[in-house]
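Quick mapping for you: the protein sequence lines, in order, are chains A and B. Using this note's numbering, the final residue of the first sequence is 301, and nothing's skipped along the way. Using this note's numbering, the final residue of the second sequence is 61, and nothing's skipped along the way.
Everything labelled a hint here was simulated from the structure, so no lab data went into it. Among these hints, one or two may not hold up.
[Said to hold, decoys possible] DSS-like, lysine-lysine: derived pairs with alpha carbons at most 25 Å apart:
| hint | chain 1 | residue 1 | chain 2 | residue 2 |
| --- | --- | --- | --- | --- |
| 1 | A | LYS175 | B | LYS5 |
| 2 | A | LYS85 | A | LYS97 |
| 3 | B | LYS5 | A | LYS97 |
| 4 | A | LYS247 | B | LYS5 |
| 5 | A | LYS187 | B | LYS5 |
| 6 | A | LYS233 | A | LYS187 |
| 7 | B | LYS17 | A | LYS187 |
| 8 | B | LYS5 | A | LYS233 |
Residue-level listing of the chains:
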Amino acid sequence: MERHLAMVISGTLAGTLSRLMLLRMDYRQYPGYPHGMIAHISLGFIASAMGAVAMPAIIKPDFAAVTFLALAAQQFREIRAMERKTLENLEKTELVKRGNDYIEGIARTFEARNYLVMATAMSVSAAYYFGGIPAALLITALLIIFSRSFMAGETIGDICEVERAGLDFTGALLKVDEIVIMNVGLKQMRKKILSEGLAVRIKPKGANARAIINDVGQRAAIAHTAATILGIKKDVDTPELTPMARKNIDTGEIGLYILPAIKDPEALMLAVKRTPVLESARSKPLSTEAGRIAAGKYDRV
Amino acid sequence: MTECKRILAVVTTDNEKVGGGAPIFIAGSHEECDGMAQSLSSILDGMAHYLENGTYIIVHH
Chain A
1 MERHLAMVIS GTLAGTLSRL MLLRMDYRQY PGYPHGMIAH ISLGFIASAM GAVAMPAIIK
61 PDFAAVTFLA LAAQQFREIR AMERKTLENL EKTELVKRGN DYIEGIARTF EARNYLVMAT
121 AMSVSAAYYF GGIPAALLIT ALLIIFSRSF MAGETIGDIC EVERAGLDFT GALLKVDEIV
181 IMNVGLKQMR KKILSEGLAV RIKPKGANAR AIINDVGQRA AIAHTAATIL GIKKDVDTPE
241 LTPMARKNID TGEIGLYILP AIKDPEALML AVKRTPVLES ARSKPLSTEA GRIAAGKYDR
301 V
Chain B
1 MTECKRILAV VTTDNEKVGG GAPIFIAGSH EECDGMAQSL SSILDGMAHY LENGTYIIVH
61 H
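Next up, chain A with everything else stripped away, as it sits in the complex (with noise of 0.2 Å):
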């Protein structure tokens, strides 16, 4: 009996010390902190308590005990909705939207990592059975670090080459480089956009990347991302100066303009770079032999 204890007790510890280290790369995402931060760990505990429940369980042998793991995922289920109508909610006041497609992504990333979380807590639960406290730490720091590399994801510089592009006016038509953002009547915010504003174009490299920063919700996310890490002059009566990101139709090129707090180019692109891809943006469409026809033919375009 004690030994089930200490099984779960370990477990628990694990998988809440693993969400915990998870829940560190959230705050540039999520804003609940420190109310959304204490909600998520209570969830993380219940979650690995959960997992850890289940191996003595298991080995009692209680097998109808383990049911209730389908329980939890009816629950955590909840965790995906209660996030996306937070951020849905925040959504209608913000500047600079995220789009939907990143509010899907946040939400879904919550929910995964709850999984992920009882799943650890059933696995150092094991370990202790078979292996005593030295196992349960070496899986422990195992799946903590396969947890934060496998759920961190790709970034924009992953997949992209981003470089510093110029603005410029054609009449009333704003341009980064060759291509087209938006038509700006105001010539006092032409001149605002022309000596403050900054710009960077994003080259895709190759056709999955081309595919992914095609998504609109994706370059939703980059503006989002870079107008949240630099800052931006825009308010409610000025939407000259949301952040936008066009595409080149016939290169697939993107161009980023924005107009932000403080102008630095170099920050800029360190910004446009860390952005996550999303899961909904993401298609391989080099992994079919269409594709991959398609793409050769693009390239010499």
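Following the hints, put chain B in place on chain A, whose structure we already have.
Leaving out everything else, chain B in the frame of chain A:
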């Protein structure tokens, strides 16, 4: 895309070229037209777009 764009106002120096459902403001000169477009865009929280023919439209994005 679920964007809903609406023309909130039209500002022009040439009333021959405009018509339709949105409120139309006629300016006496290009300078007046610029000023009116700026005021209306900040009053209506819309964006002023220039149509290259002496006409501005204020659009809600």
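Tested hints:
1. Annotation: proposed proximity of LYS175 of chain A to LYS5 of chain B holds, straight-line Cα distance about 21 Å (limit 25 Å).
2. Restraint check for LYS85 of chain A and LYS97 of chain A: satisfied, since their Cα atoms lie roughly 15 Å apart, inside the 25 Å limit.
3. The suggested pairing of LYS5 of chain B with LYS97 of chain A holds, with an alpha-carbon distance near 16 Å, which does not exceed 25 Å.
4. A distance of roughly 20 Å separates the Cα atoms of LYS247 of chain A and LYS5 of chain B; the hinted pair therefore holds under the 25 Å criterion.
5. This hinted pair checks out: LYS187 of chain A and LYS5 of chain B have alpha carbons roughly 22 Å apart, not beyond 25 Å.
6. In summary, the hint linking LYS233 of chain A to LYS187 of chain A is supported, as the alpha carbons are separated by about 17 Å, within the 25 Å threshold.
7. The hinted pair formed by LYS17 of chain B and LYS187 of chain A meets the criterion: a straight-line CA distance of about 22 Å does not exceed 25 Å.
8. Between the alpha carbons of LYS5 of chain B and LYS233 of chain A the distance comes to roughly 23 Å, so the proposed pair stays at or under 25 Å and holds.
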